[in-house]
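Novice: Could you put together the complete structure from these sequences and hints?
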Amino acid sequence: MTDAQQAFDSARAQLQHLSRGIEQSVRDLSAQLPQWWPDKLRLPTPPPPPPPPPPPPVSTIQSLQRFASRNRRTIAVCAGVAALTGLVFTSHYCSKHKKRRAHRSASGARTDVVVVFGAAKDPLTNAVYLDLERKGFVVYVTTRTPEEDQLVRSEVGVDLLPLRVNDEKALQKFSDMFGGRKHYAFEGAKPHHLTLAGLVVMPNPSEIVGGIAHVIGLFTLPLLQESGKVLFVIPHSEDADAIRQREHALKSLLEPEGLPVSHVRAGRIEVPTLLAPQRRKGSPQQSKRTAAALRKLHHDVFDTLMMPSSGGWHRGMRYITNWSRAMTATLLLEDGSVLGL
1 MTDAQQAFDS
11 ARAQLQHLSR
21 GIEQSVRDLS
31 AQLPQWWPDK
41 LRLPTPPPPP
51 PPPPPPPVST
61 IQSLQRFASR
71 NRRTIAVCAG
81 VAALTGLVFT
91 SHYCSKHKKR
101 RAHRSASGAR
111 TDVVVVFGAA
121 KDPLTNAVYL
131 DLERKGFVVY
141 VTTRTPEEDQ
151 LVRSEVGVDL
161 LPLRVNDEKA
171 LQKFSDMFGG
181 RKHYAFEGAK
191 PHHLTLAGLV
201 VMPNPSEIVG
211 GIAHVIGLFT
221 LPLLQESGKV
231 LFVIPHSEDA
241 DAIRQREHAL
251 KSLLEPEGLP
261 VSHVRAGRIE
271 VPTLLAPQRR
281 KGSPQQSKRT
291 AAALRKLHHD
301 VFDTLMMPSS
311 GGWHRGMRYI
321 TNWSRAMTAT
331 LLLEDGSVLG
341 L
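Just so you know, we're using UniProt numbering here: the sequence shown kicks off at 1 and counts up by one.
Fair warning: there could be bad hints in the mix.
[Stated by the list, open to error] Think about it this way: if two alpha-carbon atoms lie no more than 20 Å apart in a straight line, the pair counts; the simulated EDC-like pairs of lysine to aspartate or glutamate are:
| hint | residue 1 | residue 2 |
| --- | --- | --- |
| 1 | Lys169 | Asp131 |
| 2 | Lys135 | Asp159 |
| 3 | Lys99 | Asp131 |
[Stated by the list, open to error] Label-pair restraints from in silico Cβ distances:
| hint | residue 1 | residue 2 | range |
| --- | --- | --- | --- |
| 4 | Ile61 | His103 | 47 to 55 Å |
| 5 | Leu33 | Thr60 | 56 to 64 Å |
| 6 | Ser19 | Pro47 | 38 to 46 Å |
| 7 | Leu33 | Ser63 | 55 to 63 Å |
| 8 | Pro123 | Val77 | 48 to 56 Å |
Hints are computed from structural coordinates only; laboratory data are not their basis. In this text, a Cβ means the ideal position worked out from N, Cα and C, and glycines have one as well.
Specialist: Below, the structure is given as structure tokens:
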């Protein structure tokens, strides 16, 4: 390294040292200079920045959203319970207040036929077939004497007719109404067909099971095989042995045919309008209870007759006992009330 180069490096180092000293002196002077200035010559201190504005209040929708986000599971459980409760209540309300009417043709004619087998003079039998006629069925009541024919014809129902079970011509005429035969409500109306919706059997305690089976197999069994049902209303006074005897007879008759059979065991239901005056006297509460039980019986008879044949479930059924191809359903009504409804 030459002498010139050394001199140049020494000068540069001194210059850098001098520059750093000057910079440090300037910084010290600038830091102390404001303290030397008079207050009048000092610049005013800028005010502090204003505080940030408060956040806007939380709306009701946002509060609900935050609550729902924190309680998702609880809300889901409550919603499920409420939906199930509403479904059950709606189903019960609609079932209780729905209008029960039989089918009609396009011309307004009645198309569903029901045969009521029982004593025409019996108060409960009378109440059942009158209610079926009011609901739009063509009702045939089995009779055996001209007096019973006159009793049935004297009722107010237009489509309430007697059917003599001991008259072969009457039975044959009844059977000829079905099987695709065309009927006309009035001249110029479209033709319609009659369908046997079912057979309602209301035997007395002294009724012979063989006689009931004979009547079923005599004229209704071929017609019931298409879409009809057999409904037995069991009297409250009938003992268990008689019930088992009837079930056995029905099993041997209807099991090979696969016909649905429903058993309705009626409780102590009295029909005040058909009883003696001295028995009609009672408390208003008892009258309301009797009317409610009778109304439930009417509803269950109608619902059983109109229930689809393919459906094995019925909301009025207390329990269901399956025969191999036939179905037996029993609804118990005791002391004027209907169980299972």
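Novice: Hints first: check each against the structure and report whether it holds.
Specialist: Outcome of the hint check:
no., hint, verdict
1, Lys169 to Asp131, "28 Å, violated"
2, Lys135 to Asp159, "11 Å, holds"
3, Lys99 to Asp131, "13 Å, holds"
4, Ile61 to His103: 47 to 55 Å, "51 Å, holds"
5, Leu33 to Thr60: 56 to 64 Å, "60 Å, holds"
6, Ser19 to Pro47: 38 to 46 Å, "39 Å, holds"
7, Leu33 to Ser63: 55 to 63 Å, "58 Å, holds"
8, Pro123 to Val77: 48 to 56 Å, "51 Å, holds"
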